[in-house]
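Asks: Each chain is listed here by its residues.
2 protein chains.
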Amino acid sequence: MKYEEKILSSEYPFRGRILNLRHDTVELPNGKTSKREIVEHSGGVCVLALDENRNVLLVRQYRHPYREEILELPAGKVNPGEDHFECGRRELEEETGYTPGRYEYFGEIYPSPGYCSEIIRIYYADELKPCGQHLDEGEFLDVIRMPFPEVLEKVLSGEIKDAKTVTAILKYQVLQGGK
Amino acid sequence: MKYEEKILSSEYPFRGRILNLRHDTVELPNGKTSKREIVEHSGGVCVLALDENRNVLLVRQYRHPYREEILELPAGKVNPGEDHFECGRRELEEETGYTPGRYEYFGEIYPSPGYCSEIIRIYYADELKPCGQHLDEGEFLDVIRMPFPEVLEKVLSGEIKDAKTVTAILKYQVLQGGK
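Quick mapping for you: the protein sequence lines, in order, are chains A and B.
Per my numbering, residue 922 is the first one in the first sequence, and the count goes up by one each step.
Per my numbering, residue 922 is the first one in the second sequence, and the count goes up by one each step.
A couple of the hints might just be wrong.
[As the list claims (entries may be wrong)] Covered by chain A, per the in silico footprint, the following chain B stretches (three or more residues, Cβ under 8 angstroms):
hint, segment
1, 924–931
2, 940–954
3, 966–976
4, 979–987
5, 1024–1032
6, 1079–1091
[Unchecked claim] Okay, derived cross-link-like pairs now, DSS-like style, lysine-lysine, Cα gap no bigger than 27 angstroms in a straight line:
hint, chain 1, residue 1, chain 2, residue 2
7, A, 998, A, 1050
8, B, 998, B, 1075
9, A, 956, B, 998
10, A, 1075, A, 998
11, B, 998, A, 927
12, B, 927, B, 953
13, A, 998, B, 998
14, A, 998, B, 927
15, B, 956, A, 998
16, B, 956, B, 927
17, A, 1075, B, 1075
No wet-lab data here; the hints were simulated from the structure.
For glycine and all other residues, C-beta sits at the position ideal for the given N, C-alpha and C.
Next up, chain A with everything else stripped away, as it sits in the complex:
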């Protein structure tokens, strides 16, 4: 099977600062029409940054959709047209106050492909040097250094739930675990 749904019409019930809500009418393979609810998002980045003692730089921040504070890798939203690679480095520097000597692409995920167009790019960083923290207006977070094995334990126990953080930590463990 190979197909693409034909878009018959699109409406935008909401256009916001971080996302748009698009409502499509599409034609299905069986010729019937259906509706699709799409969250348009310009993309996210996050950085798995390790210091010289193999501590992971995490941020703890309040996340309004869940109304709780959660642990995540430093991350941010890519603005339309912005370079993902440089955006990740900038977010790391702004949120944690460290700039990386080594900085590499580490993969990407589709967070919820049924309705959301966001792609989250993951980068790896080490050889960190202090450069000063610069949080955005209205951004409040704590930076936490945590040994990698402890972060992995929190991922496996379910205490860390954020998909990009879980992906980066587990992938690093699978790739580096035996070394």
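Let chain A serve as the given structure and place chain B on it in line with the hints.
Replies: Leaving out everything else, chain B in the frame of chain A:
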């Protein structure tokens, strides 16, 4: 730091079949007000199901937000009030035509906590028995059996990008890899 943003008012620019878009006005810790764009979603489930030869049951389906076909674990949306555990089993049976002898909770993720309230629960299943596939109206997918090492390779290479699938495969590898 420990805080919760106080909701001053909420509006719903869109209420749909699979998600609602909520627009909140909140009070920040510094006393200023800000806007929050929230995608309300009642939750997702997916199942990592292994057959007797350690093949993973995957589905290939068209995902409209990306306008491409992608490989994922069998998955679905939890209806409000529905039991997540039973929903996972039902989705596995409907999409793949197999019912599990063993069926267990395997973790959960927050796909994109900056704006989305969805929680995706992951289950593990094996001892599979045929029960007949029953796809929903308007649901089109192919079921693919793939050896676990090949699925892991596609996760590590980036060919498989779906966050719930990546999480389940990497977590299974970390927990079982040495055995």
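Asks: Next, verify each hint and record whether it holds.
Replies: Cross-check of the supplied hints:
A count of 3 residues in the segment 924–931 of chain B with a Cβ less than 8 angstroms from any Cβ of chain A is obtained; the coverage claim is therefore met, three being the minimum. Under a criterion of three residues with beta carbons nearer than 8 angstroms to beta carbons of chain A, the stated coverage of the segment 940–954 of chain B is upheld, 9 such residues being counted. Here's how the segment 966–976 of chain B fares: 0 of its residues keep a CB closer than 8 angstroms to some CB of chain A, so the rule of at least three is not met and the hint is violated. A stretch counts as covered by a chain when three or more of its residues have a beta carbon under 8 angstroms from one of that chain; for the segment 979–987 of chain B and chain A the count is 6, and the coverage holds.
Chain A is given as covering the segment 1024–1032 of chain B, and this holds because 5 residues of the stretch bring a CB closer than 8 angstroms to a CB of that chain, at least three being needed. Judged by the Cβ-Cβ criterion of 8 angstroms, the segment 1079–1091 of chain B is covered by chain A as claimed, because 8 of its residues qualify and three suffice. Our distance criterion of 27 angstroms between C-alpha atoms is met by residue 998/A and residue 1050/A, whose separation comes to about 23 angstroms. Of the pairs offered as hints, the one joining residue 998/B and residue 1075/B holds, with about 25 angstroms between alpha carbons and a cut-off of 27 angstroms not exceeded.
Proximity of residue 956/A to residue 998/B is assessed by CA-CA distance (about 16 angstroms); at most 27 angstroms being required, the pair is judged to hold. The suggested pairing of residue 1075/A with residue 998/A holds, with an alpha-carbon distance near 25 angstroms, which does not exceed 27 angstroms. Between residue 998/B and residue 927/A the CA atoms are separated by roughly 23 angstroms; this keeps the pair inside 27 angstroms, and the hint holds. Using a Cα cut-off of 27 angstroms, the hinted pair residue 927/B and residue 953/B holds, with the two alpha carbons roughly 11 angstroms apart.
With a C-alpha separation of about 26 angstroms, the suggested pairing of residue 998/A with residue 998/B holds against the 27 angstroms cut-off. Note on residue 998/A and residue 927/B: the hinted pairing holds, with a Cα-Cα distance of about 23 angstroms set against a maximum of 27 angstroms. Our distance criterion of 27 angstroms between C-alpha atoms is met by residue 956/B and residue 998/A, whose separation comes to about 16 angstroms. A C-alpha spacing of about 11 angstroms is found between residue 956/B and residue 927/B, which places the hinted pair at or below 27 angstroms, so the restraint holds.
A C-alpha spacing of about 25 angstroms is found between residue 1075/A and residue 1075/B, which places the hinted pair at or below 27 angstroms, so the restraint holds.
Checked against the numbered hints listed earlier, the structure breaks hint 3 alone; every other hint is satisfied.
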